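Listed here are the chains, written in short residue letters.
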Amino acid sequence: MATMRSIKRRIRSVGSTQQITRAMNLVAASKLAKARASLESARPFCLETESSVKRIAAAASPNNPYFKAGQNRKLAIIVITGDRGLCGGYNVNASKAGYSLIKDGEGDLVISVGVKGRDYFRRRRRKIIRSYSGVSEMPFYEDAYEIGMVAMDLFKDGEVGEVHLVYTKFLSTMTHETSSKRLLPIESGGGGVMDFEPSEDDLLTYLVPKYISTVIYGAMLESSACEQSARMTGMDSATKNSVDLINSLSLQYNRARQDAITAELTEIVSGANAL
Amino acid sequence: MAAGRIHLKIVTPFRMLYDDNVDMVVLRGTEGDMGVMPGHESRAAILGYGPLRIINGGSEGGRIAIMGGFAEISSSEVTVVSDVAEWPEEIDRLRAEAAKLRAEQRLQQKDNDVDLQRAELSLRRALVRMEVSSYPIIRTGKSPGQGK
Chain U
1 MATMRSIKRR
11 IRSVGSTQQI
21 TRAMNLVAAS
31 KLAKARASLE
41 SARPFCLETE
51 SSVKRIAAAA
61 SPNNPYFKAG
71 QNRKLAIIVI
81 TGDRGLCGGY
91 NVNASKAGYS
101 LIKDGEGDLV
111 ISVGVKGRDY
121 FRRRRRKIIR
131 SYSGVSEMPF
141 YEDAYEIGMV
151 AMDLFKDGEV
161 GEVHLVYTKF
171 LSTMTHETSS
181 KRLLPIESGG
191 GGVMDFEPSE
201 DDLLTYLVPK
211 YISTVIYGAM
221 LESSACEQSA
231 RMTGMDSATK
241 NSVDLINSLS
251 LQYNRARQDA
261 ITAELTEIVS
271 GANAL
Chain V
1001 MAAGRIHLKI
1011 VTPFRMLYDD
1021 NVDMVVLRGT
1031 EGDMGVMPGH
1041 ESRAAILGYG
1051 PLRIINGGSE
1061 GGRIAIMGGF
1071 AEISSSEVTV
1081 VSDVAEWPEE
1091 IDRLRAEAAK
1101 LRAEQRLQQK
1111 DNDVDLQRAE
1121 LSLRRALVRM
1131 EVSSYPIIRT
1141 GKSPGQGK
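Line by line, the protein sequences are chains U and V. Sequential numbering from 1 applies to the first sequence in my numbering. Sequential numbering from 1001 applies to the second sequence in my numbering.
If you're looking for bench data, these hints aren't it; they were derived computationally from the structure. Among the hints, a few may not be true.
Pairs of lysine-lysine residues, derived as BS3-like cross-links and limited to a Cα-Cα distance of at most 30 Å, are as follows [what the hints assert, rightly or not]:
#1 V:1009 x U:54
#2 U:34 x V:1009
#3 V:1009 x U:169
These numbers come from a predicted model, not from an experiment.
Looking at chain U on its own, in the form it has when it is part of the complex (with noise of 0.2 Å):
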């Protein structure tokens, strides 16, 4: 049985650790509902650019580069995942759904959006092309558009064949969903007329660019979201474990303690009536 000391001294170490967890969750649950105000905000333009730019491609002819799978079978993956652990199976999730695409012996690259994403993939030494770090808790348009340049220009210069995005869905605060999509070739045709104004190859050149990091500023957004309602959840749980552990660290305790005292008046009624 273990002394009274070495209880003690777990109880202690046990609610230093609840301190953390705890401070963890109130910030958690603070930086998430700033990621949530960001990501509702910016949701209907990301929606919008989406849904509109896939019925333009549907209309548009098929010739257009962006709409054709390059000749190289190679694939680009942008893996989003946090800088933080911590959070549940939040990074790990998605770092599984990246890997999964990737086809043995063909070479894929990765770009990684996130320190547990990159960690992840250097681990099972796969060639990551370019990684970011800093960008995933309070993602800025320019970052999105920064990882979207470097896709698209793998993609036109035919480094890659086509380039898949992965992220973590955010449904709501206990729900989130791993996703992936491809970003390139967008899919064509399927038909539908439209005109174009100037012409369908300007505005497809203006269109494309600000489509891939639209749709990757939305996949940051809400995989930010994701990442902090996860490690509220998480840090929740651990807070209300170890509320249980105290407990029932302090019943060990106390019989302990009530056995010590017993063990004591037993010796001492028994060495009174020796004498």
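Dock chain V against chain U, hints included.
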């Protein structure tokens, strides 16, 4: 959707500026202005810097400064996607005038190409802002997520 009206949506990265039915909307494309009424043929267009006019019941229904972006037009819906869109009352006229002067000065100095391009863009923005803010403030329709 009410017959004879067209649904106008204006979205920017920070808010949805307009989401309601209007009688007619006049957009500033790169090739010139175009009026859009219900039943318009499908069209996608790059927008220039300029005012967007809303017309309701034959009278002015407000102007909005639009700084580029694109529009998708179908027979019943106009979607304007722009990085910046502002109502007249949100525009700081003095600031726009100061920006115009600054840009003009920079254009006269002609230092290097990058600066010239930027100055030109900011001059165009300032001119649009000054134009839009000189119209009377008319506001129609719901504009969710309103205010800055």
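Against the structure, the hints:
A distance of roughly 17 Å separates the Cα atoms of residue 1009 (chain V) and residue 54 (chain U); the hinted pair therefore holds under the 30 Å criterion. Distance hint between residue 34 (chain U) and residue 1009 (chain V) is fulfilled; the C-alpha atoms sit about 26 Å from each other, no more than 30 Å. A distance of roughly 25 Å separates the Cα atoms of residue 1009 (chain V) and residue 169 (chain U); the hinted pair therefore holds under the 30 Å criterion.
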